[in-house]
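Engineer: Sequence:
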Amino acid sequence: NIRYNLPNLAIFLWRLNDYRIAVSKPASGGVHARDASIDLSDFPGAAAYIARFDVHPLGEPVRLFNMYRFDPDRRPPVVTQVDETPGPIAKARLTGDSPAGNPGAYVAVETYDHTDSGLGTLDISDAGLQLHLPESDFPGEIWPKPEDPQVWSIRGANLCAWETGLHPPLNSHEIVIDPVIGRMVIGVDTEDKGDALVDHLLLTYTYGAVGPVGAHPISRSSSPQEWNGAPVEKREVNFHQNPYGLRDALNNIEDSTSPIVIEIHDSMTHELDIAGLGGTTDEDGGVNLQLNRSLIIRAADSQRPVIKLAQPLRFRPANVKGADEDEQTEFDAVMSNLTVRFEGLYLTRGDAFPAGEPLIARAALHGLEIIGCTLDPGGSRKLDGTRAPIHSSMRLKEPYGFADADEEDAFNQTPEIIVQRGIIGSLFIDTGYKLFLTDSVVDAGSGVNDDPATASFAISGADLDPSDSWGPPTQVNGITVFGRMRVESISGRGGIWVHSLEVLNNQKGCIRFSCFSGQNDRLSQNFGCVKGTEAQLRFVSEIFGWPAYGQLAHTTDFRIRERGPKDDAMGAFGFLLQAHKWRNIQIRFREFMPVGIRPLLIPVT
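Counting in the working numbering, the sequence shown runs from 59 upward without gaps.
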């Protein structure tokens with residue numbers, strides 16, 4: 059008998075988190091008749107009609123992941139199995155009649171009553187991808203069934219060209235999935251069934267990301283009952299009950315005498331056109347929401363709603379200039395607490411959004427808070443390998459946009475722009491604001507290998523020429539900036555500037571434990587920092603929408619990975635304490651590994 063000596067044990071450590079969108083509507087590519095070139099004598103089961111879908115509700119590529127599943131009661135215990143890990147779904151595992159196939163561990167199909175606005179019959183399984191079909195058109199057509207014959211068959215394939223590249227052709231009652239780009243084609247025998255899928259198909263899907271930066275369906279606390287000591291007025295929105303619920307909740311908000319909390323209880327796509335709302339005013343280049351009290355729009359627990367805007371958001375107080383001193387004192391007290399907060403939202407541009415405009419174009423408030431949100435920066439990777447256009451997230455000017463000069467004079471606030479754990483595009487903000495960035499990515503689309511001379515501006519002033527203006531006084535705590543940055547003053551720690559950082563008043567403030575590009579910088583005082591000219595900076599991905607977006611590669615210089623704040627990583631994801639986890643798990647494995655076996659830890663994205 060041979061007794062093998064295995065002195066080295068490879069242990070793969072997964073570096074991404076899996077996030078599940080509970081119920082969303084995929085982007086439809088329409089229903090198409092079978093290609094006339096298909097010979098039915100060779101392929102008699104070929105589908106008469108094909109329904110095309112992108113899993114991502116905005117039609118963007120998304121890498122599909124499986125769900126992590128662990129049974130603590132299993133004996134003997136099994137830490138993980140290949141089909142139960144929170145990793146990317148492989149095409150080969152999706153093909154049922156393949157030796158490598160095991161689609162039941164990744165995909166499920168069930169039916170639901172689409173006329174029930176409460177989705178009471180919708181049942182979510184443990185599969186990474188689940189299709190919810192309308193029961194009225196697909197009665198009892200679930201997959202997998204406990205016993206054969208099965209109604210549906212599953213296949214994994216490349217769908218860059220949709221079904222035209224499939225061989226054999228798509229069959230009726232077959233679902234072909236491309237997990238690399240997040241596409242599906244479904245074969246049906248009638249056009250009506252295809253239309254039913256377009257109208258009523260819902261999906262539950264899983265994707266990967268480095269951590270909770272940006273909008274993700276994470277656990278959240280309940281909505282606040284008070285805001286700055288005042289009881290709030292709560293308005294709940296559920297797309298399945300009212301597709302226009304968000305618009306209705308924002309109607310005539312200037313009349314409220316209490317802070318308003320709008321909580322969205324779904325992960326659907328909400329179209330929002332504020333031009334049709336009551337109580338708005340046209341000022342400073344567009345439609346403005348007028349606020350009499352603070353406004354909070356937040357995602358409910360484990361939800362990630364997408365909001366497609368028809369035009370930029372603009373905010374101003376409903377009352378600025380009082381008729382007398384007493385009324386002015388009252389108005390000033392309201393303005394000193396007037397805040398707009400977004401929490402857990404994915405804000406993006408609608409089809410008719412004006413070209414070149416930012417998502418937020420005015421914030422004449424005390425504060426604008428972006429908490430755990432994605433303000434779509436653009437730049438995602440297209441299927442042809444090119445990048446989508448880059449977009450700005452904010453352009454906030456000084457003066458603050460009041461048409462009435464008396465109101466401009468009476469507005470006595472210095473608006474505070476607060477971004478925490480957000481993914482945002484370029485910020486063009488004048489010096490009459492204050493900017494606070496924490497654990498966030500600011501993406502202007504300029505990566506490590508881009509020419510510093512032509513790198514785009516991530517943060518600067520609101521003038522048309524950002525190279526000739528300065529952004530606001532800024533405080534940072536763990537940020538990654540893909541682009542150039544020009545601000546009046548700055549202080550903070552844990553930043554990564556891929557391109558130049560220029561500070562007008564470099565005698566004020568201090569930056570600690572950060573990474574600068576080392577090219578054309580104009581820096582304030584700094585301590586414990588490194589420069590890209592002496593420390594190699596690498597990211598696993600610089601492309602928005604990819605699972606490892608913004609993650610430091612393991613080949614990045616040791617000082618960037620482990621000499622940031624609290625002796626951990628610099629950048630937006632330093633709060634995850636990955637360096638500590640890496641060190642600690644190495645120690646634990648060495649401590650408990652049997653004599654003669656050496657653990658080899660391999661980080662995997």
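It is worth saying that the hints were derived from the structure and are not from the lab.
In this text the structure is predicted, and so the values were computed from the model without any measurement.
Don't be surprised by glycine CBs; every beta carbon is placed ideally from N, CA and C.
Hints are supplied without guarantee of correctness; some may be wrong.
[Said to hold, decoys possible] Simulated restraints, written as ranges between beta carbons of each label pair: (1) Q583 - S175: 52 to 62 Å; (2) F650 - W72: 12 to 22 Å; (3) T222 - G443: 12 to 22 Å; (4) Q577 - F101: 53 to 63 Å; (5) N160 - N395: 34 to 44 Å; (6) Y302 - E456: 28 to 38 Å; (7) P652 - D247: 51 to 61 Å.
Engineer: For the pair Q577 and F101, does the Cβ-Cβ distance stay inside 53 to 63 Å?
Structural biologist: holds (59 Å)
Engineer: Look at the Cβ atoms of F650 and W72 and judge whether their distance stays inside 12 to 22 Å.
Structural biologist: holds (20 Å)
Engineer: Would you say the C-beta atoms of Y302 and E456 sit inside 28 to 38 Å of each other?
Structural biologist: holds (35 Å)
Engineer: Is the hinted range of 52 to 62 Å satisfied by the C-beta distance from Q583 to S175?
Structural biologist: holds (59 Å)
Engineer: Please check whether N160 and N395 have a Cβ separation lying inside 34 to 44 Å.
Structural biologist: For N160 and N395 the Cβ distance comes to about 56 Å; the hint is violated.
Engineer: Does the Cβ-Cβ separation between T222 and G443 fall within 12 to 22 Å?
Structural biologist: holds (19 Å)
Engineer: Given the hint of 51 to 61 Å, is the C-beta distance from P652 to D247 inside that range or not?
Structural biologist: holds (59 Å)
The structure fails hint 5 only (numbered hints given earlier).
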